[in-house]
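Participant: In case you want the letters, here they are:
2 protein chains.
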Amino acid sequence: MHLYHEEAIRSCVALNRTVIQKVEDGFTQLDQGNAAMPPIMSIDIPENSGEVDIKSAYIKGLDTFAIKISSGFFNNKALGLPSLSGMMLLMSSVTGLPEAILMDNGYLTDVRTAAAGAIAADYLAKPHIDTAGVIGTGLQARLQMEALYLVRPYKKLLVYGRRKEAVDTYIAEMSANLGVAVESVPTPEQLVKQSEIVVTTTPAKAPIIKTEWLHKGLHITAMGADTGTKQEIDEKIFHHADLIVCDVIKQCKQCGELHHALEHGVLSLEDSRIIELGALTSGNVPGRENDDQITLCDLTGTGVQDTAIARYALQQLKAESKGNQTN
Amino acid sequence: MHLYHEEAIRSCVALNRTVIQKVEDGFTQLDQGNAAMPPIMSIDIPENSGEVDIKSAYIKGLDTFAIKISSGFFNNKALGLPSLSGMMLLMSSVTGLPEAILMDNGYLTDVRTAAAGAIAADYLAKPHIDTAGVIGTGLQARLQMEALYLVRPYKKLLVYGRRKEAVDTYIAEMSANLGVAVESVPTPEQLVKQSEIVVTTTPAKAPIIKTEWLHKGLHITAMGADTGTKQEIDEKIFHHADLIVCDVIKQCKQCGELHHALEHGVLSLEDSRIIELGALTSGNVPGRENDDQITLCDLTGTGVQDTAIARYALQQLKAESKGNQTN
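Quick note, the sequences are listed as chains A and B, same order. Residues in the first sequence are numbered consecutively from 25, following the working numbering. Residues in the second sequence are numbered consecutively from 25, following the working numbering.
One thing to keep in mind: the hints can contain errors.
Stated by the list, open to error - Each pair of labels, with its calculated beta carbon distance range:
1) B:R41 - A:A38: 51 to 59 angstroms
2) A:N58 - B:F98: 21 to 29 angstroms
3) B:M25 - A:S73: 15 to 23 angstroms
4) A:M25 - B:E213: 43 to 51 angstroms
What the hints assert, rightly or not - Pairs of lysine-lysine residues, derived as DSS-like cross-links and limited to a Cα-Cα distance of at most 30 angstroms, are as follows:
5) B:K254 - B:K150
6) B:K150 - B:K101
7) B:K277 - B:K150
8) A:K342 - B:K101
9) A:K84 - A:K150
10) B:K240 - B:K180
11) A:K260 - A:K277
12) B:K179 - A:K274
13) A:K229 - A:K277
14) B:K229 - A:K229
15) B:K342 - A:K101
16) A:K234 - A:K46
17) B:K101 - A:K84
18) B:K150 - A:K254
19) A:K260 - A:K46
20) B:K84 - B:K101
21) A:K274 - A:K84
22) A:K274 - B:K180
23) A:K277 - B:K277
24) A:K46 - A:K254
25) B:K84 - B:K150
26) B:K254 - A:K84
27) A:K84 - B:K229
28) A:K101 - B:K101
29) B:K260 - B:K217
30) A:K150 - A:K101
31) A:K234 - A:K179
32) B:K240 - B:K254
33) B:K240 - B:K277
34) A:K150 - A:K46
35) A:K277 - B:K180
36) A:K274 - A:K180
37) B:K150 - B:K217
38) A:K234 - A:K180
39) A:K150 - A:K277
40) A:K150 - A:K229
Since the hints were derived computationally from the structure, they do not count as laboratory data. Cβ coordinates follow ideal geometry from the N, Cα and C atoms, glycine included.
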């Protein structure tokens with residue numbers, strides 16, 4: 025049993041096409057009934073504005089699976105600590121014994137979350153994208169747009185954030201990273217109207233994106249909501265979407281954007297427009313079929329993503345250590 | 025973040041009255057509504073006859089809580105590995121960050137499980153016990169009877185097991201450990217009829233203890249069943265018990281002996297005889313009231329036990345390391 029630290033993990037696992045493919049394979053296995061994925065386990069600690077979530081999934085035939093522990097403690101900033109963190113255990117599915125502890129402090133979660141966004145865009149966005157837009161200026165606002173660029177190399181990136189300083193930093197960093205024009209827009213309305221794909225990455229508790237701003241060909245990925253109280257997009261948008269893709273319907277029903285749409289009676293679970301991301305990756309459902317459709321993806325984060333990336337990380341870490349030994 | 029290994033943990037945590045009291049406090053907190061304990065998370069891996077369970081509980085006001093991962097892989101013997109294993113993570117309930125990893129290989133689970141048996145006996149068995157009986161000859165058959173001896177120092181221990189060799193080893197070890205007479209009986213019937221308290225510790229999938237063998241004053245603790253398919257006692261026994269104590273009713277309903285009694289319609293969940301162990305430890309329900317009552321305790325294992333023992337273990341490990349430093 026090996027324990028790996030964040031630095032080693034970061035040096036081995038980058039956000040690239042391989043990682044996206046690994047995560048995509050996880051969704052496909054889930055769709056094909058080859059994954060055992062229990063409901064998320066949550067421990068709420070309201071006294072400390074904290075929550076710990078545990079996710080896991082076993083993919084049939086694979087010799088390891090991940091147990092991922094992630095935490096959000098929103099008083100941590102005052103203590104000089106990050107609000108979000110996490111670690112992954114890689115367990116043997118042959119013996120039940122731990123194979124590795126990945127003390128990634130949430131890095132692998134960040135990467136696999138961005139990978140899911142790229143997968144969604146790859147099946148749901150128009151084939152050619154000139155302008156992409158992001159709402160939020162945090163870590164996922166960076167990683168989502170980096171991942172998106174790998175599958176849809178857009179020419180211009182629009183960003184909307186509430187704090188000017190954060191927007192300026194975002195623009196400086198992302199234009200250097202991607203080598204494309206990154207520009208701020210003063211309102212989410214302008215961002216949505218001018219973008220062909222929009223990714224929302226905020227912890228908003230009231231809808232930011234309004235139905236009136238939708239336009240032909242738009243794809244939206246909403247990845248911020250992961251509790252029943254968070255919401256980034258107006259629930260009426262579900263009414264206008266041609267395809268509604270959830271990472272996992274059961275989860276989105278409880279803690280994603282879908283939750284609000286169902287609660288407000290905008291649609292029912294029987295609606296044939298609602299499918300899972302795995303139905304796209306496995307080829308069961310075609311995804312976007314023309315440049316006019318409006319598509320929507322609701323991401324809450326799944327255990328199959330964790331198993332996919334933890335397995336990949338361990339493989340890379342082992343290869344790295346082998347490489348070092350032979351040097 | 026510290027990682028501790030089994031040897032260090034074993035040297036710091038013994039099955040004693042302190043541990044029993046810590047676990048008892050956990051049940052009391054649960055009863056008083058001071059614990060957040062999510063449902064057990066289970067990952068089944070039937071291809072390898074394996075299952076991984078995750079338990080957790082946060083007790084209000086405490087600065088840490090445990091996430092316990094335990095595994096049972098029943099092909100492991102062929103690989104020269106133990107079937108059961110486990111580890112505990114001790115998480116900060118202030119920051120959500122891991123404080124310690126206890127690589128106890130299931131040792132702490134073994135101890136806290138035995139502690140729960142002692143707590144049950146302390147509230148449910150007659151005040152003075154001459155003869156105790158155990159069904160099974162494995163590790164829990166040892167630990168349960170060691171823990172019981174701390175609260176009910178019995179004079180004679182009867183054991184029933186199917187394999188003579190295992191029974192002989194059990195007798196040799198336990199008579200040396202406890203300094204009491206340990207004798208085998210040829211049938212479970214004789215064991216139950218001659219004992220004032222019986223503890224069942226097997227993975228049986230069909231009832232071993234029959235209703236006809238019950239007698240006044242008997243207390244039974246059944247701790248083997250932890251899935252819906254396991255059963256150690258005839259469900260009709262529930263009909264004859266004066267008090268039916270579950271560690272957690274919700275869990276026993278799904279995977280304990282209670283499950284079978286409910287399924288067979290022997291009793292309903294509204295039955296006032298059914299209470300939780302915490303109701304005894306908190307003093308809300310008096311427990312055994314006379315020497316004639318027949319009492320029953322159904323144990324499935326809970327997250328509050330894990331948090332209680334993991335916290336105690338870390339405290340002991342830290343004290344030990346401090347002691348070593350000053351030497």
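Participant: A separate judgement is required for each hint: does it hold in the structure or not?
Facilitator: Consistency of the hints with the structure:
The hinted range of 51 to 59 angstroms is satisfied by R41 (chain B) and A38 (chain A), whose Cβ atoms lie roughly 54 angstroms apart. Remark: the range hint 21 to 29 angstroms for N58 (chain A) to F98 (chain B) is upheld by a beta-carbon distance near 22 angstroms. Separation of M25 (chain B) from S73 (chain A) is about 22 angstroms and conforms to the stated range, judged on CB atoms against 15 to 23 angstroms. Between M25 (chain A) and E213 (chain B) the Cβ separation comes to about 45 angstroms, which falls inside the hinted range of 43 to 51 angstroms.
At most 30 angstroms may separate the alpha-carbon atoms for a hinted pair to count; K254 (chain B) and K150 (chain B) meet this at roughly 28 angstroms. Between K150 (chain B) and K101 (chain B) the CA atoms are separated by roughly 39 angstroms; this puts the pair beyond 30 angstroms, and the hint is violated. Taking the CA atoms of K277 (chain B) and K150 (chain B), the gap is near 27 angstroms; set against the 30 angstroms cutoff, the hint holds. A distance of roughly 27 angstroms separates the Cα atoms of K342 (chain A) and K101 (chain B); the hinted pair therefore holds under the 30 angstroms criterion.
For the hint linking K84 (chain A) to K150 (chain A), the alpha-carbon distance of about 33 angstroms lies beyond 30 angstroms, and the restraint is violated. Taken as a hint, the K240 (chain B) and K180 (chain B) pair is honoured in the structure, with Cα atoms around 19 angstroms apart against an allowance of 30 angstroms. Between the alpha carbons of K260 (chain A) and K277 (chain A) the distance comes to roughly 16 angstroms, so the proposed pair stays at or under 30 angstroms and holds. Only pairs whose Cα atoms come within 30 angstroms are accepted, and K179 (chain B) paired with K274 (chain A) is rejected, the gap being roughly 56 angstroms.
Only pairs whose Cα atoms come within 30 angstroms are accepted, and K229 (chain A) paired with K277 (chain A) is accepted, the gap being roughly 16 angstroms. With a CA separation close to 49 angstroms, the supplied pair K229 (chain B) and K229 (chain A) exceeds the 30 angstroms bound. Of the supplied pair hints, the one linking K342 (chain B) and K101 (chain A) holds, its CA atoms being roughly 27 angstroms apart against a limit of 30 angstroms. Between K234 (chain A) and K46 (chain A) the alpha-carbon distance is near 34 angstroms, which puts this suggested pair outside the 30 angstroms criterion.
Proximity of K101 (chain B) to K84 (chain A) is assessed by CA-CA distance (about 22 angstroms); at most 30 angstroms being required, the pair is judged to hold. For the hint linking K150 (chain B) to K254 (chain A), the alpha-carbon distance of about 54 angstroms lies beyond 30 angstroms, and the restraint is violated. At most 30 angstroms may separate the alpha-carbon atoms for a hinted pair to count; K260 (chain A) and K46 (chain A) exceed this at roughly 33 angstroms. About 40 angstroms separates the Cα atoms of K84 (chain B) and K101 (chain B), which puts this hinted pair outside 30 angstroms; it is violated.
Proposed proximity of K274 (chain A) and K84 (chain A) is supported: the alpha carbons are some 20 angstroms apart, at most 30 angstroms. For a cut-off of 30 angstroms, the pair hint linking K274 (chain A) to K180 (chain B) is broken: about 54 angstroms separates their Cα positions. As the CA atoms of K277 (chain A) and K277 (chain B) are separated by approximately 26 angstroms, the hinted pair is consistent with the 30 angstroms bound. Note on K46 (chain A) and K254 (chain A): the hinted pairing holds, with a Cα-Cα distance of about 28 angstroms set against a maximum of 30 angstroms.
Annotation: proposed proximity of K84 (chain B) to K150 (chain B) is violated, straight-line Cα distance about 33 angstroms (limit 30 angstroms). This hinted pair checks out: K254 (chain B) and K84 (chain A) have alpha carbons roughly 25 angstroms apart, not beyond 30 angstroms. Only pairs whose Cα atoms come within 30 angstroms are accepted, and K84 (chain A) paired with K229 (chain B) is accepted, the gap being roughly 26 angstroms. Distance restraint check for K101 (chain A) and K101 (chain B): the Cα-Cα separation of roughly 48 angstroms exceeds the 30 angstroms cut-off, and the hinted pair is therefore not satisfied.
Pair hint K260 (chain B) plus K217 (chain B) holds up; C-alpha atoms about 17 angstroms apart against a cutoff of 30 angstroms. For the proposed pair K150 (chain A) and K101 (chain A), the alpha carbon gap of about 39 angstroms is over 30 angstroms, so the pair is violated. Restraint check: the Cα-Cα separation between K234 (chain A) and K179 (chain A) comes to about 25 angstroms, which is no more than 30 angstroms; the hinted pair holds. Note on K240 (chain B) and K254 (chain B): the hinted pairing holds, with a Cα-Cα distance of about 26 angstroms set against a maximum of 30 angstroms.
Annotation: proposed proximity of K240 (chain B) to K277 (chain B) holds, straight-line Cα distance about 26 angstroms (limit 30 angstroms). Straight-line distance between C-alpha atoms of K150 (chain A) and K46 (chain A) comes to about 23 angstroms, which keeps the hinted pair within the 30 angstroms bound. Annotation: proposed proximity of K277 (chain A) to K180 (chain B) is violated, straight-line Cα distance about 57 angstroms (limit 30 angstroms). Of the pairs offered as hints, the one joining K274 (chain A) and K180 (chain A) is violated, with about 35 angstroms between alpha carbons and a cut-off of 30 angstroms exceeded.
Proximity of K150 (chain B) to K217 (chain B) is assessed by CA-CA distance (about 15 angstroms); at most 30 angstroms being required, the pair is judged to hold. Proposed proximity of K234 (chain A) and K180 (chain A) is supported: the alpha carbons are some 22 angstroms apart, at most 30 angstroms. Distance check on the hinted pair: K150 (chain A) and K277 (chain A) sit about 27 angstroms apart at the alpha-carbon level, within 30 angstroms; holds. Between K150 (chain A) and K229 (chain A) the alpha-carbon distance is near 29 angstroms, which keeps this suggested pair within the 30 angstroms criterion.
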